[in-house]
Structure formats: structure tokens, C-alpha cells
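Novice: With these hints in hand, go ahead and build the complete structure from the sequences.
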Amino acid sequence: MIFEGDYIEDRFKAIFDVRGFLHPPGAVIAYPKYVPSAQGERTREGCKYRRIYNLTERVRFLEENHPQYLRQDPYLGMVVPSIPLEEIVRVYKPREGFAKLKSSGKLSRLASKALT
Numbered sequence: 033m034i035f036e037g038d039y040i041e042d043r044f045k046a047i048f049d050v051r052g053f054l055h056p057p058g059a060v061i062a063y064p065k066y067v068p069s070a071q072g073e074r075t076r077e078g079c080k081y082r083r084i085y086n087l088t089e090r091v092r093f094l095e096e097n098h099p100q101y102l103r104q105d106p107y108l109g110m111v112v113p114s115i116p117l118e119e120i121v122r123v124y125k126p127r128e129g130f131a132k133l134k135s136s137g138k139l140s141r142l143a144s145k146a147l148t
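With my numbering applied, the sequence shown covers 33 to 148.
Among these hints, one or two may not hold up.
[What the hints assert, rightly or not] Once the Cα atoms are required to be at most 25 Å apart in a straight line, the calculated SDA-like pairs of lysine to any residue come out as: (1) 45 - 34; (2) 65 - 84; (3) 125 - 75; (4) 45 - 109; (5) 134 - 59; (6) 125 - 35; (7) 65 - 119; (8) 65 - 51; (9) 65 - 121.
[As the list claims (entries may be wrong)] Have a look at the derived ranges for each label pair, beta carbon to beta carbon: (10) 136 - 99: 21 to 31 Å; (11) 139 - 88: 38 to 48 Å; (12) 97 - 136: 35 to 45 Å; (13) 86 - 129: 33 to 43 Å.
Since the hints were made in silico from the structure, they are not lab data.
Beta carbons are placed, not taken as given, at the ideal position from N, Cα and C, and that holds for glycine.
Specialist: Pasting the structure below:
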């Protein structure tokens with residue numbers, strides 16, 4: 033299951049933060065947070081990314097680049113970014129990573145400080 037607090041990556045290498053605990057059938061409600069960009073300040077796996085901070089800019093990015101992700105949700109009564117499950121190539125679960133790190137017992141001083 034994919035929940036709020038998780039992140040997903042689509043086949044275009046954009047990374048989205050998941051919103052909510054209930055999602056439309058076959059999709060996940062999520063907003064783009066890091067998107068591929070030649071001007072990006074972050075690099076992962078050879079791809080440069082820029083971070084999108086405000087909600088208006090996140091929606092504009094979808095309107096301009098992935099309008100197919102914007103769908104009318106009949107339960108919410110509004111247009112929401114709904115990423116189809118078949119477009120998701122990776123799911124990141126920070127809570128699981130945190131728990132694994134905490135229980136590993138092999139923490140650096142920095143990691144130990146971060147967990148307290």
C-alpha cells in the first residue's frame with residue numbers, strides 16, 4: 033500500500049510526494065516534488081533535479097508536462113493529480129528506512145544524533 037509520507041517515481045523520473053491514505057482505483061494522489069531539469073541543483077543516478085516548492089507551481093508543472101495526471105475526482109469533487117499505478121516505477125517509504133536504520137545498531141554519530 034502507498035500512503036501519505038511515501039514518495040513515488042514515475043517513468044519520466046519525476047518524484048512525487050503522496051497525499052492522503054485513500055486513492056482513486058488504479059492511481060495514487062501525489063504532487064511532483066523533484067523533477068528532471070538541466071538547471072537542477074540535485075543529482076541522482078546521473079539525472080539533475082530541481083525541487084518544486086509551492087503547490088501552484090506543482091500543478092502548473094503537471095498542466096504543462098503531464099496533463100494526463102490531472103483528473104476530476106468524483107469523491108473529492110475537484111481535480112487532483114492522480115498518478116496511474118502503471119506509471120509508477122519506484123516507491124520510496126521513508127518510515128521503513130528510518131525504522132531499519134534505527135534498528136540496525138550500526139549508526140554513525142550523525143545518524144545517531146538525527147534519530148534522537
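Novice: At the C-beta level, are residue 97 and residue 136 separated by a distance inside 35 to 45 Å?
Specialist: Because 38 Å falls inside the window, the suggested range holds.
Novice: Within a Cα-Cα threshold of 25 Å, do residue 134 and residue 59 meet the stated pairing?
Specialist: violated, 31 Å
Novice: For the pair we were handed, residue 65 and residue 121, check the Cα-Cα distance against 25 Å.
Specialist: The hint holds at about 16 Å.
Novice: Hint says 21 to 31 Å; check whether the CB-CB distance for residue 136 and residue 99 agrees.
Specialist: Cβ of residue 136 to Cβ of residue 99: about 43 Å, so the range 21 to 31 Å is violated.
Novice: Would the pair residue 65 and residue 119 pass a check requiring their Cα atoms to be no farther apart than 25 Å?
Specialist: Given that 25 Å is the threshold and the Cα spacing comes to 16 Å, the pair holds.
Novice: Given the range 38 to 48 Å, decide if the beta-carbon distance of residue 139 to residue 88 lies inside it.
Specialist: Given range 38 to 48 Å: holds, Cβ gap about 39 Å.
Novice: Could you grab the alpha-carbon distance between residue 45 and residue 34 and see if it respects the 25 Å cut-off?
Specialist: Answer holds: residue 45 to residue 34 is near 18 Å, not above 25 Å.
Novice: Given the proposed pairing of residue 125 with residue 35, does the C-alpha separation stay at or below 25 Å?
Specialist: holds, 9 Å
Novice: 33 to 43 Å was suggested as the range; check whether the CB atoms of residue 86 and residue 129 agree with it.
Specialist: violated, 27 Å
Novice: Please verify whether residue 125 and residue 75 have alpha carbons no more than 25 Å apart.
Specialist: holds, 20 Å
Novice: Holds or violated: residue 65 and residue 51, Cα atoms, limit 25 Å.
Specialist: holds, 12 Å
Novice: When you check the alpha-carbon spacing of residue 65 and residue 84, does it fall within 25 Å?
Specialist: holds, 5 Å
Hints 4, 5, 10 and 13 from the earlier list are contradicted by this structure; the remaining hints agree with it.
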